Amino acid sequence: MNGPVLDLRGVVKVFGTNRVLRGVDLAIGEHRVVALIGGSGSGKSTLLRCASLLETVDDGQVLLDGEDITDPRVDADRVRQRMGVVFQAYNLFPHLSVLDNVTLAPTVVHGRSRADAREEAHALLDRIGLADKAGEFPDRLSGGQQQRVAIVRALAVRPRVLLLDEITSALDPELVGEVLGVVREVAAQGMTILMATHEMGFARQVADVVAFLHDGVVLESGPPDQVLGDPVQPRTRQFLARVIDAGRL
Amino acid sequence: MPPPSELELSRRAWRRHRARRSTLVALVSTLVFALVAYLVVTHAPGWPRVRATFFSPSVAAESLPDIAAGLWLNLQVLVVGGLLVLVVGLLVAVVRTVRGPAFTPLRIVATAYVDLFRGIPLIIVLYLVGFGLPALRLEGVPTSPFVLGTVAIVLTYSAYVAEVFRAGIESVHPSQRAAARSLGLTHRQSMRIVVLPQALRTVTPALLNDFVALQKDVGLISVLGAVDAVRSAQIAVGQTFNFTPYVVAGLLFVLLAVPCARVADAVSARARRRQQSGGLL
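Protein chains in written order, with this note's numbering: chain A, 40 to 288; chain B, 848 to 1128.
The reader is advised that the hints may include incorrect statements.
Said to hold, decoys possible - Derived Cβ-Cβ restraints for the label pairs, each shown as a range:
{"#": "1", "chain 1": "A", "residue 1": "182", "chain 2": "B", "residue 2": "1021", "range": "34 to 42 Å"}
{"#": "2", "chain 1": "A", "residue 1": "116", "chain 2": "B", "residue 2": "1021", "range": "32 to 40 Å"}
{"#": "3", "chain 1": "A", "residue 1": "274", "chain 2": "B", "residue 2": "1022", "range": "58 to 66 Å"}
{"#": "4", "chain 1": "A", "residue 1": "53", "chain 2": "B", "residue 2": "897", "range": "54 to 62 Å"}
{"#": "5", "chain 1": "B", "residue 1": "1021", "chain 2": "A", "residue 2": "174", "range": "43 to 51 Å"}
These are computed hints drawn from the structure, not numbers from a lab.
Note that the coordinates shown come from a computational prediction; the quantities given were computed from them, not determined experimentally.
Each residue gets a CB set at the ideal place from its N, CA and C atoms; glycine is no exception.
The task is simple: from the sequences and hints, build the whole structure.
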């Protein structure tokens, strides 16, 4: 497959009278990491929710491996089986252990055997250094540990693309590193990733493409060094100046 | 706002088409089911007998005024009882949640009350209050079945409603209490201004559900001899040797319950919408 894994074409999303997305075009090639940056309320989360079919788009298309998944004839549940989503607030299931959180989708949705799913879950947890927490419940874990489990839960279904929605925004600063470390490793292994983030430094290191979302469109996109270091658009420069002022770059 | 694209229009058309189709399927399957049920019942060997005994229009018309007059009594019990249940239930719930050793006796009494009256069948409470209390022949104890019936119903339902309120109070996250106390509010103030308003919002659907249950249980005061809708129906049955008045009374109770059930649905739906931040799931 040579086309992009995930291809957003003219995506429009309206809430009431508020046009949050006004025609977003964005393509994520295989094994590519695309970082979505932009101010608060610029539509980063909405875009990810549209891509994962948690919202219906009001116009435009989303293609996954060339298939138009915004076609209402497509079974959204089957499409979501091929994607992994990690949320800002972790969204682990509090009534299930770490291991059960991770094995849930592989067994229930993908019909894999319990033993098989457990084995893989243990291997994944081992890789993020949480093998000893498999039996714990999420509320016994720190935010960083929970978010790492959430990443593993998304990876356990072997998705075509991983969508990360500001996954470090709810974390204490000293816990951000461990979560980004996991993302870095996942990216290095060739996972296709679309991530909304405020971590400009991380985007610069890991992303292949940085896309700046403003006023409901992708205003500027390109290699991180260009977009973050020498942006063309004044709006992008303005946004980055504010981020630098806040001491986050 | 720019006009939607050709593609989006076709998507919308397809969704409309699907919606129409599923409405049609639902409509047809409902009609088919109703028809089958109708045919099975009307072709049963005993149907003419049942129709004459339970669905006689002339008996229905004759008994309706008395039963409707009786329903007025039920309505009075419902309104008075419903309001009292809210007050007593909330009081008991708050008492059960106060902390501090000084309140231990009160808490024990409240807990015992809830355990007792949630356990006893309503009809037995009705007998005990309705026949036992007047039999003491104390000064000032009312003997009207209306008053005694209401007391019995309030005793039973307040125990249920107190538990609903308590669940609501405990569902408010402790951080809310911490925030209120951090501002210097007393326990009482934080309960009244911060915790209870949030708790009430959570439990409103459950309360409305209990109200619908109360609506038909007010018919049980007939066992005390109050001439309510059920009792009037009973009298009419005795006079005509025909069970139609019971059906009439039943239908009147249903008519009473339907608006309430719809209100309950609407309130729950509104609460759900408020909690959801949009999205499909």
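Hints and how they fare:
1. A:182 with B:1021: 34 to 42 Å: 19 Å, violated
2. A:116 with B:1021: 32 to 40 Å: 37 Å, holds
3. A:274 with B:1022: 58 to 66 Å: 38 Å, violated
4. A:53 with B:897: 54 to 62 Å: Holds, since residue 53 of chain A and residue 897 of chain B (Cβ atoms, about 57 Å apart) stay within the stated range.
5. B:1021 with A:174: 43 to 51 Å: At roughly 27 Å between Cβ atoms, residue 174 of chain A and residue 1021 of chain B fall outside 43 to 51 Å, so the hint is violated.
Of the numbered hints given earlier, the model fails hints 1, 3, 5; all others are met.
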